[in-house]
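With the sequences and hints as input, model every part of the structure.
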Amino acid sequence: MALLGALLRNRRPHERHHAWNHPRLTAPDTIEVTSRDFTHEHPLDLRHAGKRVGGENLSPHLAWSEPPPATAELLLLVEDLDAPLGSRPPVHCMAIIDPAGLQTPNELPAGALSKDDPAPGVTLLRPTIGRGYVGPEPLKGHGEHRYVFQIYALGDSLLNHPDRDAFLKSRPRALLDSIGSRVLARGRITGTHER
Numbered sequence: 043m044a045l046l047g048a049l050l051r052n053r054r055p056h057e058r059h060h061a062w063n064h065p066r067l068t069a070p071d072t073i074e075v076t077s078r079d080f081t082h083e084h085p086l087d088l089r090h091a092g093k094r095v096g097g098e099n100l101s102p103h104l105a106w107s108e109p110p111p112a113t114a115e116l117l118l119l120v121e122d123l124d125a126p127l128g129s130r131p132p133v134h135c136m137a138i139i140d141p142a143g144l145q146t147p148n149e150l151p152a153g154a155l156s157k158d159d160p161a162p163g164v165t166l167l168r169p170t171i172g173r174g175y176v177g178p179e180p181l182k183g184h185g186e187h188r189y190v191f192q193i194y195a196l197g198d199s200l201l202n203h204p205d206r207d208a209f210l211k212s213r214p215r216a217l218l219d220s221i222g223s224r225v226l227a228r229g230r231i232t233g234t235h236e237r
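Here my numbering is used: the first residue of the sequence shown is 43, the next is one more, and so on.
Think of the hints as simulated: they come from the structure by calculation, not from any bench. Treat each hint with caution, since some may be false.
To be verified - Each computed EDC-like pair below joins lysine to aspartate or glutamate, with the alpha-carbon atoms no more than 20 Å apart:
| # | residue 1 | residue 2 |
| --- | --- | --- |
| 1 | K93 | D159 |
| 2 | K93 | E236 |
| 3 | K211 | D158 |
| 4 | K182 | D158 |
| 5 | K182 | E98 |
Stated by the list, open to error - So the derived label-pair ranges between C-beta atoms look like this:
| # | residue 1 | residue 2 | range |
| --- | --- | --- | --- |
| 6 | D140 | K211 | 12 to 22 Å |
| 7 | L201 | E108 | 15 to 25 Å |
| 8 | D198 | D158 | 26 to 36 Å |
| 9 | L88 | G222 | 24 to 34 Å |
Note that the Cβ used here is the ideal one computed from N, Cα and C, for glycine as well.
Following this line, the structure appears as structure tokens:
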């Protein structure tokens, strides 16, 4: 696998395909996202990596500054910006967060995005791979991968979508393409992982 990673070392999705650059997700970058488990642009601990590489698939702690008062819900999206296969970054986790349902305001504890036991206020959506939080499992020898944890403050509820069940089962890009809610603010933090 290290040979394959080395051969694909310069292959990465184009920046225009990152969710952050999606036209429906444009908003002021006024939400500050932090974590007790990692600092921006620094490595994620192995426990936050995928099980196939010795990790625990434990989603890291996340906290964010107060979103705008008109925020109905938050959309959380985690992308691997450096995956070499495919033209779009794979989505490692996608969830809707009801701010009123959180145990601690503006915060998710470690493990809150577990497929088997998501935290109160969290509705898991369909990511590119797996269900719930899927930790980093980059190709060995491919180099450092960036995992971007993005928070979007939505003016309307996605959970009240007219065709809710089908909408919530949509693949990530189809769901992003159909978001009709205005994004009021956004923020992100990036963790890295390399094998």
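Cross-check of the supplied hints:
no., hint, result
1, K93 / D159, "holds (17 Å)"
2, K93 / E236, "holds (15 Å)"
3, K211 / D158, "holds (17 Å)"
4, K182 / D158, "violated (28 Å)"
5, K182 / E98, "holds (18 Å)"
6, D140 / K211: 12 to 22 Å, "holds (19 Å)"
7, L201 / E108: 15 to 25 Å, "holds (21 Å)"
8, D198 / D158: 26 to 36 Å, "holds (29 Å)"
9, L88 / G222: 24 to 34 Å, "violated (40 Å)"
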